[in-house]
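Student: Chains A and B, in that order, are what the protein sequence lines are.
For the first sequence, position 62 matches number 62 in the working numbering, and the numbering has no gaps at all.
For the second sequence, position 1090 matches number 1090 in the working numbering, and the numbering has no gaps at all.
Think of the hints as simulated: they come from the structure by calculation, not from any bench.
All of these numbers come straight from a predicted model, not from anything done at the bench.
Ideal Cβ placement from N, Cα and C applies to all residues, glycine included.
A hint or two may mislead.
Partial pick of chain A residues on the chain B-facing surface, computed with a CB cut under 7 Å [unchecked claim]:
1. 29
2. 46
3. 53
4. 58
5. 59
6. 64
7. 68
8. 69
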Amino acid sequence: MSESQQDTRWQSQNPNPMAPRPSTFKAPDVLNYLCADCGAENGIKSGENIRCKECGHRVLYKPRTYRIVQFEAR
Amino acid sequence: MAPPPSAAGPSKPIARRPASGSTKATAAPVKKPPASGTAARTAVKTNPSAERSSSTTTRPLPITSDVKPVISNDTGEEEWAALMRQSYGAGKGAQYYAKGIKTVEDKWQLLPAFLQVKGLVKQHLDSFNYFVNVDIKAILAANSIVTSDVNPHFFIRYTDIRIGRPMRKDQHHQDSIVTPMECRLRDISYAAEIRVDIEYTYEDKLKKQKGILIGKLPVMLRSDLCHLKGKSERELARMGECPKDPGGYFVVKGTEKVILVQEQLSKNRIIVMRDPKDGAVIAECTSSTHDRVVKTYVITKNKRLYLRHNSFKELIPIVVAMKAMGVTADKEIIQLICGSDERYQEAFGPSLEEASRLKVYTAKQCAEWIGLRVSPGQEKEDRGQKLAPSEVAMQALAAMVLGHVLVRNMFFRPKCIYLATMARRVLMASIDEKMVDDRDYVGNKRLELAGQLLSLLFEDSFKTYNSDLRRRMDKILEKPNRATPLDASNILAQNGDSITSAFVRSISTGNWSLKRFHVERAGVTHVLSRLSFIAALGMMTRISSQFEKTRKVSGPRALQPSQWGVLCPSDTPEGEACGLVKNLALMTHITTDVPEGPLVDYAFTYGAQDINTFTGVGMYGRGVYLIQINGSLIGLTNHPKKFVQTWRKLRRAARFSEFVSIYMNHHHKIIYIASDGGRICRPMIIVENGRPRVTSEHIRLLKEGKVTFDHFLRSGLVEYLDVNEENDSLIACYEHEIEEGTTHLEIEPFTILGAVAGLIPYPHHNQSPRNTYQCAMGKQAIGAIGYNQLNRIDTLLYLMTYPQQPMVKTKTIELIEYDKLPAGQNATVAVMSFSGYDIEDALILNKASVDRGFGRCHVLKKQTIPMRHFQNGTSERTAYPSDPLRPEAYASVDKADGVTSPGSTVYQGDVLVHRETPIDTRGPMTQAAVFKATPITHKTPEPVQIDKVMLTEGEDSPLLKILTRQTRQPELGDKFSSRHGQKGVCGLIVPQTDMPFNDQGICPDIIMNPHGFPSRMTVGKMIELLAGKAGVLAGQLQYGTAFGGSKVEDMSRILIENGFSYAGKDMLTSGITGEPLEAYVYFGPIYYQKLKHMVMDKMHARPTGPRANLTRQPTEGRSKDGGLRLGEMERDCLIGYGATQLLLERLMISSDAFETQVCETCGLLGYNQWCPKCKTGKGIVKITLPYAAKLLIQELMGMNILPKLCMEDAV
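Whole structure, please, built from the sequences with the hints as guidance.
Tutor: Spelled out as structure tokens, the structure:
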């Protein structure tokens, strides 16, 4: 997880990049997707059917990132 | 025993569907009023006193809960009854008359009450509900029997049809409802099952079966079948739906589709017109029945009348046609057509002469004469025997000519009279120019809605389905020995999904291609525009015309006087579709079919005499009026006025549907009664004896929420008039204009505008094109689109961060609840020049305002990534790569699933999803499938935030949707507009320190150049500023409703009271010099919209970059990082100037220069110092030419053309 982004056009025009992100956070092995209907957490692995184990709803959302998010207030 | 299979079933001419099952049948006098709570809410919400610019404005009560206010229905009912007794019964005394003289205050309150039950999108819902509840049953009845051709003993008969509600069949769970939101997210269709009950022969017995699935019907949102119908705000929110969403569209494969209203010339009516070529008079009648749609013409040629029809090879003299249909006496013919009018008789003379010259006299002779001229393919064989010419002719005349006029038992009289009427109209028009009909008259138009289009589609696909069924049945029956007896229900179950796919295909492509009905239309459906709330609403009221856009005709595009009140005069696009695409006005309603059978009975009961018992003399006698119901002549009356009056009284007494219209045409001397669907109508207050029947007392009850619009309707205070009947009435616009003979009073003048034009404050002060411009721009404004906007995942969604409701609003804004979902902000505007960066409508923005959030918006974009399944069982997957090629691009991708997660920022080139596709998708599936990486990356240079990552099971494969988000501040070049068609781009963003300010220290958010005013003449904008300023100072919202609104004088008074100049001008101090400005500046708030055109989406430049493969020239378009084309005209300039080196550089060196070799001897291209033709390398020279030129040479050679390059000495 290096922060060495290649300089895009946008970055060259906006020379105040974000602070480097610490990489001390551990990535989770299984993600708990959230059911769009009941909000239950579902640990879906690849290849499994996409449906909530609690209510059978078929729309799941990925949870928010575990990484630190930092915005520049402008 | 099985009933005899009647082959006559389908072939029987069916003009109209049976009336059974109609909910809007004749006498349904007292409907139970719907819970009046809803009416009460709007009554409270739309603040009645605010309009009168009074000093005390009470804000509407906030609606805290979505529980409907409980109002006892009984009291309202009783009070209403008492009120009605007062005005009619014994209690009608002096007191009543004293009251009646008082003007009706707040009669506009009828408008919100109307919008509760009808109007805007309700016509879509009504039409769809009619299809689902009535029409589909009629279609089933008309196609109810499927009989086997092989063994007529076997048949399937449909007995009933039902449509369920959108449900999910689930193995593990109980059937659960499918919400529209789920369909949008999962890219599936919001559809309900169509189930039929059948009877069929099974081993010589009649077997019945119920509830067999034949297909799925897409369900219109908020219709009777939809789960959203009648739900409270809380329930809607639970389903992920916005309570302000109008509904009326479909969700097919996850996209929202609208079936636009289609405008057509009315069917089964005679239209007299001039031939565009030779100016001859033509009468045209498009007969539309369930079987076919045919056109019949009566034309004039050499002063003679002819019948023209596709069934006949040549023109048939009208007299011959009449004689063939049984009116053999010349005298009778001349009477039927001309009556006793000598002018007509004289004009008809040549036609009679011609018939006698043809030497056909009897009905038989005429029929034979016609029979020889029936176009080929028409004659049907009757059990192997060829029909005689006369029979062929009779068949064509009975079924094809004027097909909507029924011929029963060879009784041709009605058809004769109809044809005679057509001929008579032609004679009238050729004698008097003015008798030609106006095709553009709105009364001659019918609007086709979703229900009608779907019913057409269903009928077509159902017939196809049945013929498939018959074929399968025959196939099984043909087998000599079957193991099991034929079970028709099995065949039905296996008959495939043709109906479902027909619906889905047609709605998602918009192509209505029905061979059976000669319907071939493209672009019927559109994707519902969700740019803003107004864009979506505006789409629901849109009407598209069948006219070709390319034709340069002014007639259909022009504003028709009959459009008044039913079609918006302002809301039409500019350019090629101008005037062809229209929008409904606020109070318009479109009718659905009302069965006409009972109407005919009513007509005869109330004095009509059967037309078939009369000769022409009787029909065209003095004071005699014919009576036409839905295009068929049924009778005549000697007392037309009385007849019409009686009829209207019956309608006001709710003896039959309120949408049946009646009007007299004094030129035609016909009373027209119409009950067909697609007529445009609107409600009006009835005026009797010079006094409107609605009084303040009635309005009071309405305001208190005790009664609904329905009460007004069924008590005969208000009635619907269609455009034709409107033309037969004297309507006062305002109450003081009521005079003797006035029949109706407008409910409210501002309803002549539509929903989109209703947003404009003071539109009556603007130059009219400005209002039209605003109608187009209002749909591009960024704002809130619905309460569920953050739960939606749209391809492209613009949202405003801090939307505000306008300071100066209109009643329309409140009615359509634009103030709840606004698209714009109240900017303080100084009308002055500043810095020179404001020329050509550019605006100066205040940097501090921008920092505080003025014009800030979100841009949400969707990426859909389907995980495809392949034939051999392999499928795509997501995973984190073991050794990523560019590790830095995977910064936001999760190790667990190879997908980025919400909240992370993604830069150009970063991976969103690391998808892997199996290399082998055809061969047998192996254990260790080899995958290749097919990652999805972020393309644009600007970084985006990931807003949502959604996983779901789509229609046939898993689906991954990623929603990205950007927050954008206004920047140089972003487009803004006020509500008066005054658009401008941001020319400069100035620090607040440099902005001018007034004595209170108020700085403008926007500086607008005053040169925008003189030529545009948008006085409404000036008044908006004034009213807005007064509103700000007084702490209240002002109204700019069309033909009303807060008065300038009152506004000035408020300004003076608050110590401001009455003219709205302020003394400003320059922020740059600190000196007072030399002039007073017009200064105040104006509602500004940010439009979707933003520089960030358009800015583009390229030094060098990708090239197209084929021509090696730079690619085209911003999305492909393309070059900027130096086009033909630019090239012409350079040639004209003689800049050869620049030309060479632009067109070749910087584009597609290509070095190749040419043989000087033969002129062909060579390579490697070798000419393939001369077989030598002697004459080879090097040249540089555009690659496209080399390509052309080679392509020409491929076509056997030999281009040669002849060399000259070059420098």
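Student: For every hint, state whether the structure bears it out.
Tutor: Hints, one by one, checked against the model:
no., hint, verdict
1, 29, "holds, 6 Å"
2, 46, "holds, 6 Å"
3, 53, "violated, 11 Å"
4, 58, "holds, 5 Å"
5, 59, "holds, 5 Å"
6, 64, "holds, 5 Å"
7, 68, "violated, 10 Å"
8, 69, "holds, 5 Å"
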